[in-house]
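Heads up, the sequence shown is in the UniProt record's numbering, so the first residue is 1 and it goes up one at a time.
Each hint should be verified, as a subset may be incorrect.
Simulated restraints, written as ranges between beta carbons of each label pair [to be verified]:
1. I414 / D209: 23 to 31 Å
2. L246 / I286: 33 to 41 Å
3. G69 / D441: 27 to 35 Å
4. R64 / G303: 39 to 47 Å
5. L246 / Q177: 21 to 29 Å
6. L246 / Q296: 42 to 50 Å
7. G317 / I461: 28 to 36 Å
8. I290 / A411: 31 to 39 Å
Quick caveat, the hints were computed from the structure, so don't treat them as lab data. Model, not experiment: these values are computed from the prediction. Don't be surprised by glycine CBs; every beta carbon is placed ideally from N, CA and C.
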Amino acid sequence: MRSILFSLRRVTLLSSHHYQPHAFSPVRKSLIPINPTSSITSFSSSSHPNGDAKVAGPLVEYERRIVAGELLDGDLCQLGTLRELQRLYDELVQSADACRLDRYSASAKNTRSNWFWNKFVSPHSSVSPVKGLYLYGGVGTGKTMLMDLFFHQLPSSWRAQRIHFHNFMLSVHSRLQMHKGLEDPLEVVGLEIADEAILLCLDEFMVNDVADALILNRLFRHLFNNGIVLVATSNRAPDNLYERGLQRDLFLPFIAALKERCVVREIGSSVDYRKLTSAEEGFYFIGKDISGLLKQKFQQLVGDEPAGPQVVEVVMGRKLQVPLASNGCAYFLFKELCDKPLGAADYLGLFKKFHTLALEGVPMFGLHNRSAAHRFMTLVDVMYENKARLLCTAEGSPQELLESIVTISDAQQIAPRTSSRSRKSDDIDLCVDNELGFVKDRTISRLTEMNSKEYLEQHSITLQEKQPSL
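Build the full structure now, drawing on both the sequences and the hints.
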């Protein structure tokens, strides 16, 4: 009897939030072809689940963009991936009713209205008949663009969401806080997410934290059992996720489930498309004692608006002190933003209010400031996903800043000491860190693009579009 009462309590709690808007809910916005302006985006399509799959889908749209000159032609690696995405699209169209994709269909409504009966009275697994897709590869190979191309073709009536992995985990933690005290809050969170989106597209899947690793293992067991179809992009192959992490043996079942429920495809390319831009008009200034130049550029962007300290609420009541801010622009010393215990949630909160960051004094990174390097890379990721503008002074180019951060494999290739190469020539600040060493290429690539004429022009267009609503 106690277990029945507890289940009823859980039902009541879930029902009270079942149709409430949540941070994870999709936001409908128009598509900017190559660089989406939101980390959570949902697109509509004129195609219908019961229509002809052969005349619609990501491969058809890709070919249209090639003809229109919007994308470069001839990348066989991308074409192979597009065929996999088209395969997934076709299977989803054919199995839309079995997958309960259409939020207005009878099958989806019946499943959602009878979830209590299915879960507690007649429990059974409802694993999707369609396998998802896990795309991984190096930086700048077009993973995000291809996933967005796929997502753009989905019918608007489908329960599908596209979200950056940082935002996804923030939403999960927020939901767990909401359901704290339940026997298995992750089970309830899994039901909520599956109710909102059967097709879940996660961009830049990465696991650095032991708590997240343990959550993902249990959460995705519930999600897959609730019929979720996962499409994900990552810089890492599944077997390399959370490599050398604490208690990784508890994370391994998730990797096995991921490989079972998704087709895994590597995107290989010798081209970094982010670097095919002109980096001539950026705000990346190299040198010491040039803070005056940065403040001058900051003042030009702010205009006549007076600048002063501000306080921003970032997440779960936490507040962040902004030393100098005005007109959507924020000014920080590097140590104020990256030498303090801040993380992705704080940076996401910051860029909900500000579209431009002036960052003074970015140092060379190495063993002595490993934590600051990790925060800086996270900051760049969040800025890039939010299409924010960066002004900064730094001690070197993006490549030079991160030169002393290497993977174990890179470190092993460094020449051993010999009679002609003594200990004195060793880099005592060399930071051997697999995770940071893996992410640094993406950071360099993104900093390069964020400094380009094309990126800054798109930023200006976005600001102009938002101007009437301010």
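Inset, instruction - Just pull the numbers of the violated hints for me, sorted ascending. - result: Checked against the structure, no hint fails, so every one of them is satisfied.
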